[in-house]
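Turn these sequences into a full structure, and let the hints guide you.
Protein sequences appear in the order of chains A and B. Note that the first sequence covers residues 9 to 446 in this note's numbering. Note that the second sequence covers residues 9 to 446 in this note's numbering.
It should be emphasised that the hints constitute simulated quantities derived from the structure, not laboratory data. Cβ coordinates follow ideal geometry from the N, Cα and C atoms, glycine included. There's no promise every hint is true.
Derived pair list, reagent style BS3-like, types lysine-lysine, alpha-carbon separation capped at 25 Å [as the list claims (entries may be wrong)]: (1) B/K414 / B/K125; (2) A/K331 / A/K125; (3) B/K397 / B/K381; (4) B/K340 / B/K188; (5) B/K381 / A/K240; (6) B/K414 / A/K240; (7) B/K331 / B/K381; (8) A/K414 / B/K188; (9) A/K381 / A/K331; (10) B/K219 / B/K240; (11) A/K381 / A/K397; (12) B/K188 / B/K240; (13) A/K188 / B/K331; (14) B/K219 / B/K188; (15) A/K381 / B/K240.
Residues of chain B placed beyond 12 Å of chain A at every Cβ, according to the derived structure [unchecked claim]: (16) P111; (17) D176; (18) S250; (19) T261; (20) G288; (21) V329; (22) Y355.
Restraint ranges, calculated between C-beta atoms of paired labels, are given here [to be verified]: (23) A/T261 / B/P243: 58 to 68 Å; (24) B/A395 / A/K414: 52 to 62 Å; (25) A/T427 / B/G288: 41 to 51 Å; (26) A/D290 / B/T427: 48 to 58 Å.
Protein chains: 2
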Amino acid sequence: MIHDEMDSLAQEIRVPYYLRAGWAWPIPRSATKNHNCLQGRKTARRQAAWPTSPSAWAAGKARGLANLVVIEALDVLGLRPIKILFTTMAAALLATTAFTADPIPADLRAMALATFKALPSTTPAVVNNPITPEKIVLGKALFFDPRVSASGVFSCNSCHNLATGGDDNLETSIGHGWQKGPRNAPTALNAVFNIAQFWDGRAEDLKAQAKGPVQASVEMANTPGQVIATLKSMPQYVEWFSAAFAGDADPVTFDNFAKAIEAFEATLVTPAPFDGFLNGDDAAMTSEQKQGLTLFMEKGCSSCHAGTNVGGNGYYRFGIVEKPSVDVLPEKDEGRFAVTNTSDDLYVFRAAPLRNVALTAPYFHSGKVWDLKQAVAIMGTSQLGEALKEEEVDLIVAFLNSLTGKVPEVAYPLLPAETGGTPRPVWIKEGSRGSIGR
Amino acid sequence: MIHDEMDSLAQEIRVPYYLRAGWAWPIPRSATKNHNCLQGRKTARRQAAWPTSPSAWAAGKARGLANLVVIEALDVLGLRPIKILFTTMAAALLATTAFTADPIPADLRAMALATFKALPSTTPAVVNNPITPEKIVLGKALFFDPRVSASGVFSCNSCHNLATGGDDNLETSIGHGWQKGPRNAPTALNAVFNIAQFWDGRAEDLKAQAKGPVQASVEMANTPGQVIATLKSMPQYVEWFSAAFAGDADPVTFDNFAKAIEAFEATLVTPAPFDGFLNGDDAAMTSEQKQGLTLFMEKGCSSCHAGTNVGGNGYYRFGIVEKPSVDVLPEKDEGRFAVTNTSDDLYVFRAAPLRNVALTAPYFHSGKVWDLKQAVAIMGTSQLGEALKEEEVDLIVAFLNSLTGKVPEVAYPLLPAETGGTPRPVWIKEGSRGSIGR
Chain A
9 MIHDEMDSLA QEIRVPYYLR AGWAWPIPRS ATKNHNCLQG RKTARRQAAW PTSPSAWAAG
69 KARGLANLVV IEALDVLGLR PIKILFTTMA AALLATTAFT ADPIPADLRA MALATFKALP
129 STTPAVVNNP ITPEKIVLGK ALFFDPRVSA SGVFSCNSCH NLATGGDDNL ETSIGHGWQK
189 GPRNAPTALN AVFNIAQFWD GRAEDLKAQA KGPVQASVEM ANTPGQVIAT LKSMPQYVEW
249 FSAAFAGDAD PVTFDNFAKA IEAFEATLVT PAPFDGFLNG DDAAMTSEQK QGLTLFMEKG
309 CSSCHAGTNV GGNGYYRFGI VEKPSVDVLP EKDEGRFAVT NTSDDLYVFR AAPLRNVALT
369 APYFHSGKVW DLKQAVAIMG TSQLGEALKE EEVDLIVAFL NSLTGKVPEV AYPLLPAETG
429 GTPRPVWIKE GSRGSIGR
Chain B
9 MIHDEMDSLA QEIRVPYYLR AGWAWPIPRS ATKNHNCLQG RKTARRQAAW PTSPSAWAAG
69 KARGLANLVV IEALDVLGLR PIKILFTTMA AALLATTAFT ADPIPADLRA MALATFKALP
129 STTPAVVNNP ITPEKIVLGK ALFFDPRVSA SGVFSCNSCH NLATGGDDNL ETSIGHGWQK
189 GPRNAPTALN AVFNIAQFWD GRAEDLKAQA KGPVQASVEM ANTPGQVIAT LKSMPQYVEW
249 FSAAFAGDAD PVTFDNFAKA IEAFEATLVT PAPFDGFLNG DDAAMTSEQK QGLTLFMEKG
309 CSSCHAGTNV GGNGYYRFGI VEKPSVDVLP EKDEGRFAVT NTSDDLYVFR AAPLRNVALT
369 APYFHSGKVW DLKQAVAIMG TSQLGEALKE EEVDLIVAFL NSLTGKVPEV AYPLLPAETG
429 GTPRPVWIKE GSRGSIGR
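Okay, here's the thing in structure tokens:
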């Protein structure tokens with residue numbers, strides 16, 4: 009049956025086609041090389057290769073490569089999406105077999121390089137924001153400065169704590185007036201490599217993202233005007249802005265504030281054992297980690313968690329196969345739907361980037377799961393339709409541990425002193441500067 | 009009249025005498041050398057030299073040296089305190105004279121060294137807590153770890169932010185459940201040199217202090233047991249404790265937690281231009297700063313703000329001469345009275361250490377005054393009974409700026425990752441672990 013469906017699908021999409029963000033496509037090994045299709049909405053419609061033949065696809069599937077495929081194929085003109093849903097019994101068939109980890113393929117590195125990308129050894133370039141030392145210095149100060157919040161209590165680092173994996177290790181963050189935020193704080197580490205920012209990708213890059221929390225009423229509850237008044241009140245900040253944005257007539261702006269933070273965040277790159285392996289060092293990963301990596305690709309995890317950040321570069325429904333419990337997937341958080349207002353995007357989120365995942369419990373946008381093993385198991389059932397064996401989960405977690413990288417040493421900054429003109433903290437909720445309900 | 013009062017006082021206290029903590033005594037130049045009497049309750053009763061003659065004292069006073077003397081003299085046997093209160097019209101008389109700053113005395117350094125002490129060039133020794141590199145590493149991690157709070161939101165650094173002068177630049181700190189603390193957070197910088205900790209000195213040292221906020225319901229709202237459970241759940245912490253307290257059978261204890269934090273805090277020493285001057289470098293301070301230092305001693309500020317920390321080593325009534333407004337001195341905060349239950353200690357606080365004071369607005373235990381000039385002026389009227397001229401205030405502020413030191417570079421720590429055994433954050437007020445009303 010699967011073969012028949014595949015054949016018919018293959019007929020339909022023999023021409024070049026595009027995959028739309030929001031749908032997972034587990035790619036068999038043979039096709040991973042050109043698999044670069046899992047991107048955000050804006051840049052999603054990239055070409056990707058299809059399995060060389062339906063039988064190759066099915067063969068891969070029989071090896072447990074893929075358990076579910078949800079494809080929305082668009083024709084060459086981008087018209088009339090065709091949605092095709094496959095489910096498979098392969099997992100059930102395999103489940104009866106005693107567990108033996110697949111041997112580590114001889115070409116594991118080549119396979120991995122077709123799917124993943126090692127971190128660069130230098131700070132990556134950022135669109136519309138040349139990274140300079142002056143911007144980094146300024147951005148670091150801003151990242152750590154609690155005075156950009158209305159209350160003077162929260163800095164960027166409060167929720168994206170560089171001491172604890174770039175996040176705050178809370179279910180969801182606490183913000184202005186002790187309000188609880190709606191989603192788990194994602195890590196700031198390597199965030200520059202994400203296709204877009206926030207769980208729903210509503211910010212196209214880090215400079216757009218940096219403008220969000222500072223204004224959100226449940227986070228920093230401030231206003232751009234007040235942020236700029238605060239920064240302009242301190243001569244050292246004006247100097248730093250002038251140095252970082254030397255060409256600007258009025259360097260202290262909310263745009264430049266965001267650009268400087270982006271510049272600092274672009275430096276937060278954490279090379280890990282996995283990168284060592286990708287770069288040719290066989291000893292960088294343990295045998296267990298390599299087995300985990302093999303499984304991670306074979307099971308189809310790498311379909312969504314691919315690229316530089318092992319995730320962070322595409323949008324997928326949470327619960328493709330099986331809807332997680334309402335605890336894990338709160339019904340009231342409809343994900344990317346709120347951004348696109350498209351029913352296809354109900355419960356769709358950006359696949360979490362998995363770098364440093366061992367440091368960033370609790371997991372998922374709801375922050376409801378504290379145990380990485382449990383998170384992997386839930387992903388197995390909800391996204392792959394497969395009850396992963398405990399040994400498989402262990403190996404995958406071993407691989408995930410190889411993504412724990414070296415956080416760059418950050419000298420804690422010394423911030424400018426306040427002056428008579430610095431706006432005073434506002435900590436009462438009624439007096440908060442941000443609008444309610446953002 | 010002043011002369012007569014002085015003569016009569018001199019008769020009474022011709023014998024050696026002791027000054028009691030809680031009372032200010034502006035000392036004329038000639039006597040500053042031996043003036044080391046302004047200490048906390050425990051070590052307060054030290055001998056001090058009296059002005060060589062009543063006329064010398066009065067002569068000093070006529071130069072605006074002292075406007076008010078409140079002395080509690082004890083006889084040689086420590087019996088029957090005699091309280092004598094002097095007020096003077098000298099300030100009013102001088103106020104009609106055009107302002108000319110006193111020339112900088114040729115022996116300014118010698119005078120200053122009789123009252124102040126330069127910061128040591130090495131980390132100071134701490135009673136009952138030998139400072140080791142292992143303790144410092146551990147203490148730094150604990151200082152920056154928000155997981156020692158019940159909510160997982162606040163670390164020591166939240167309120168004692170090393171980026172902003174070792175305090176949080178808030179009127180009073182925000183803590184668990186968005187509660188507002190009762191007093192302005194003092195700086196952690198150089199706090200090791202204070203005679204005791206907290207505004208009311210209720211902790212005899214930094215290790216005693218470190219146990220407070222973690223348990224206070226309005227701050228971290230945690231319990232010692234929960235702190236230790238949290239730390240023991242993370243193997244890296246257990247290793248760090250074992251290295252720092254190698255001789256201990258059970259190294260991860262609340263006592264050791266506090267000792268490690270004290271060890272780290274002992275490294276937070278900030279040498280300033282003032283120290284350069286005390287150590288022999290004439291160019292370390294500007295002429296204006298030296299004039300300010302001269303005034304600071306002549307006006308009597310240095311009677312309470314003396315020693316290594318230019319304060320922090322004795323207890324004094326806030327409002328010796330004139331009670332500040334209820335905004336600045338909230339009636340419901342009775343200061344050290346709450347510690348000693350002695351009426352003499354009503355509104356008595358530890359004199360604020362003035363190192364880095366330019367970085368630590370807002371001022372006073374109430375945190376109600378944001379402007380350093382205003383704070384100096386209030387001290388003039390409330391403690392010295394003198395309306396300082398604007399030019400005098402400016403010079404004193406110039407001197408205070410010479411106390412802004414070089415904060416040691418602190419590499420932001422990387423904290424151990426949480427494990428399955430790590431207690432989960434508790435952020436609801438009802439469920440807070442600390443008792444209410446501490």
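Status of each hint after checking the structure:
no., hint, in the structure
1, B/K414 / B/K125, "17 Å, holds"
2, A/K331 / A/K125, "31 Å, violated"
3, B/K397 / B/K381, "11 Å, holds"
4, B/K340 / B/K188, "15 Å, holds"
5, B/K381 / A/K240, "21 Å, holds"
6, B/K414 / A/K240, "24 Å, holds"
7, B/K331 / B/K381, "18 Å, holds"
8, A/K414 / B/K188, "38 Å, violated"
9, A/K381 / A/K331, "18 Å, holds"
10, B/K219 / B/K240, "17 Å, holds"
11, A/K381 / A/K397, "11 Å, holds"
12, B/K188 / B/K240, "30 Å, violated"
13, A/K188 / B/K331, "42 Å, violated"
14, B/K219 / B/K188, "19 Å, holds"
15, A/K381 / B/K240, "21 Å, holds"
16, P111, "31 Å, holds"
17, D176, "7 Å, violated"
18, S250, "21 Å, holds"
19, T261, "23 Å, holds"
20, G288, "27 Å, holds"
21, V329, "27 Å, holds"
22, Y355, "25 Å, holds"
23, A/T261 / B/P243: 58 to 68 Å, "46 Å, violated"
24, B/A395 / A/K414: 52 to 62 Å, "59 Å, holds"
25, A/T427 / B/G288: 41 to 51 Å, "33 Å, violated"
26, A/D290 / B/T427: 48 to 58 Å, "30 Å, violated"
Against the hints set out earlier in the document, violations occur for numbers 2, 8, 12, 13, 17, 23, 25 and 26.
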